[in-house]
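Peer 1: Sequences are here, hints too, so could you generate the full structure?
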Amino acid sequence: MNNQKLKKIAKSVRKRIFQFKTKSRFGHLASCLSTVDLLVSLYLDDETNFDHKNDILIFSKGHGAPAVYPILSDLEYFPEKELDLYCTPNGILRLHSDSTIPGCFFVGGSLGNGIGYAAGLAYGSEKKVFVILGDAELYEGSVWETLLFISHHNINNIQLIIDRNGLGILGKTEELLKLEPLEDKFKSFGFDVATVDGHDFEALRSVFSHSSSTRPQVVIANTIKGKGVSYMEDVWQYHTIIPKEKEDLEKALEELS
Amino acid sequence: MTSQRDVFIGELFKCAKKDKDIFLLSVDMGASSLDQWREELPNQFFAAGISEQNAINFAAGMASAGKKVYIYFMAVWAARCFEQIRYSCAMGENPITILGNGVGLAYAPAGPAHNPTEDIAYMRSLCGIEIYSPSNNSMVKSLVELTYKEPKLRYIRLERKQAAEMQNAYPSWKFNANSIKSGLETVKPGLFEPRHPTKPKICILSSGYMMGRASEVWQRLISNKHQVSLVDLWKIKPIDLSIFKSTVEEYDVLITIEEQTLSGGFGSAILEALSDVGLKKNVLRIGLPERYIFENGDRDHHLDNNGLSVDSIYEKILLILSNKI
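Respectively, the protein sequence lines represent chains F and V. Using the numbering used here, read the first sequence as starting at 1 and increasing by one per residue. Using the numbering used here, read the second sequence as starting at 1 and increasing by one per residue.
Keep in mind that a hint or two might mislead.
Chain F is nowhere near these chain V residues, computed Cβ spacing over 12 Å in every case [unchecked claim]:
1) K14
2) Q36
3) A113
4) I129
5) S138
6) K199
7) K237
8) P238
9) D240
10) K281
11) N296
12) K316
Quick list of simulated restraints, FRET-style, between CB atoms [claimed, not checked]:
13) V:I243 with F:H210: 54 to 62 Å
14) V:T2 with F:H210: 49 to 57 Å
15) V:Y122 with F:N157: 29 to 37 Å
16) F:S209 with V:N43: 28 to 36 Å
17) V:I50 with F:N54: 31 to 39 Å
18) F:P79 with V:C127: 25 to 33 Å
19) V:P42 with F:E174: 38 to 46 Å
20) V:L279 with F:T22: 52 to 60 Å
21) V:G307 with F:L177: 44 to 52 Å
22) F:T22 with V:S242: 46 to 54 Å
23) V:E272 with F:G171: 40 to 48 Å
24) F:T214 with V:K17: 25 to 33 Å
Hint data in this document are derived by calculation from the structure and do not stem from the laboratory. Where is the CB? At the ideal position from N, CA and C, for every residue including glycine.
Peer 2: As structure tokens, then:
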């Protein structure tokens with residue numbers, strides 16, 4: 001699938017996320033929007049090495065998981081109408097995904113733990129396991145315990161992806177509590193590291209295509225929180241705010257259409 | 001006497017030799033029984049390092065891939081990775097066996113940071129977990145078989161030092177499905193035949209290391225012509241309510257003895273079970289005081305000095321029998 005088609009799909013995914021989040025008013029809209037292109041690349045670009053029928057994707061960043069719901073709906077894991085029922089008593093889709101939702105694994109909602117679970121699953125099953133972590137999730141010490149462990153045991157059927165949108169709830173990570181130099185940190189733990197533009201399908205294709213590396217790998221995907229809605233982009237306050245004013249809703253939907 | 005830890009790991013090793021899906025993670029803990037395992041089954045052993053959180057998460061992932069995973073650490077560290085046990089194992093429904101070594105005041109000289117004196121309370125709050133406190137090696141062996149054959153989230157509270165009085169307390173006790181299901185044994189029956197109508201019928205309930213002291217108290221009460229039985233309730237969660245009811249309903253007074261502070265602990269579990277089966281009894285809970293012990297001394301010293309000497313327990317029971325407490 002070419003980049004133009006992927007971009008078109010990504011826009012559609014963002015629009016639907018915006019719609020079910022603003023309708024329900026539950027969840028982390030901006031955090032989901034930064035992750036969309038990563039997911040579209042993995043699930044829908046035939047040239048990337050994630051096979052949704054056989055591989056496993058774990059949202060260690062559990063609050064970003066609803067970003068995958070429109071994609072799973074398109075892939076017929078569940079009916080499209082479920083998006084409209086998000087977070088309602090009659091629906092199956094929740095703010096944090098869990099294994100009761102078709103196409104989803106594990107349980108979301110406690111940061112710093114999905115990576116360790118994924119490492120065990122990768123080691124025990126020998127399946128390819130992809131893990132999406134938030135950058136602010138890296139503050140959890142348990143993440144670094146697992147990084148040591150993955151590296152020591154050279155668990156290389158796991159692919160770590162950092163959604164590096166640069167923001168935590170209270171502001172920029174580099175102002176709150178520095179994470180940089182992040183690439184050096186992963187390298188020092190024994191990982192092969194690639195840093196890419198997380199909204200560039202060409203760049204994502206290059207890092208998610210087949211690799212000859214025998215070391216565990218991490219992709220640092222530089223992204224924009226709130227991507228696709230101009231007034232939300234890179235504004236930390238939107239971690240918790242879901243737009244509700246008529247003009248804001250209209251403007252966003254216009255930009256996402 | 002072989003420790004419960006070495007009995008468990010030794011028995012599990014025999015299973016692991018035949019089953020490559022059995023894995024043991026040690027969170028920086030050694031054991032004589034581990035040496036052979038590490039030597040002969042290196043691919044079924046992980047040194048997880050001092051990283052309880054990752055160890056639990058990794059084990060949960062392994063379990064979801066169908067492996068039979070055992071984690072071995074000092075019992076007190078279950079508190080350190082409580083979130084991971086709750087989230088990745090209980091909530092995620094990933095069955096692992098947690099071997100908590102050294103419960104209660106087993107590491108007394110190391111101070112309160114090393115002594116889990118509330119672990120029954122916090123661990124039994126987890127949905128779906130099973131908790132066992134074996135008091136002898138027959139029970140430990142039966143738990144190896146149970147955990148191997150029927151994987152589930154379980155917390156096995158292992159004694160560093162066994163109560164010598166209990167080691168041979170059940171000479172005829174062998175593993176069978178009913179023993180495991182009931183999780184309680186009337187170790188020392190003590191009701192008169194025929195029942196003495198004017199004397200209260202007393203039931204002492206305890207588990208693990210405290211069964212030794214409970215046994216001595218029972219003996220003293222029997223010697224002084226009391227009607228008293230001793231029950232080892234070694235499956236602390238879930239309590240089999242039907243068997244519990246049929247076991248205790250004949251008694252007038254229940255005494256619970258635990259090496260824990262009282263909030264939410266062993267005695268609390270008994271009170272909840274009584275409520276659940278609709279029995280009203282006089283209950284005396286005997287346990288550690290509500291404080292962390294910063295004095296020097298070994299386990300027995302601390303027990304003796306914190307209300308859990310045989311004399312102290314005995315005196316408290318006499319007081320409740322005379323309606324003075």
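Peer 1: Give a verdict on every hint.
Peer 2: Hint by hint, here is what the structure shows:
no. : hint                           : in the structure
1   : K14                            : holds (22 Å)
2   : Q36                            : holds (22 Å)
3   : A113                           : holds (19 Å)
4   : I129                           : holds (16 Å)
5   : S138                           : holds (32 Å)
6   : K199                           : holds (54 Å)
7   : K237                           : holds (22 Å)
8   : P238                           : holds (23 Å)
9   : D240                           : holds (29 Å)
10  : K281                           : holds (40 Å)
11  : N296                           : holds (32 Å)
12  : K316                           : holds (43 Å)
13  : V:I243 with F:H210: 54 to 62 Å : holds (59 Å)
14  : V:T2 with F:H210: 49 to 57 Å   : holds (53 Å)
15  : V:Y122 with F:N157: 29 to 37 Å : holds (35 Å)
16  : F:S209 with V:N43: 28 to 36 Å  : holds (32 Å)
17  : V:I50 with F:N54: 31 to 39 Å   : holds (36 Å)
18  : F:P79 with V:C127: 25 to 33 Å  : holds (31 Å)
19  : V:P42 with F:E174: 38 to 46 Å  : holds (43 Å)
20  : V:L279 with F:T22: 52 to 60 Å  : holds (55 Å)
21  : V:G307 with F:L177: 44 to 52 Å : holds (46 Å)
22  : F:T22 with V:S242: 46 to 54 Å  : holds (52 Å)
23  : V:E272 with F:G171: 40 to 48 Å : holds (46 Å)
24  : F:T214 with V:K17: 25 to 33 Å  : holds (31 Å)
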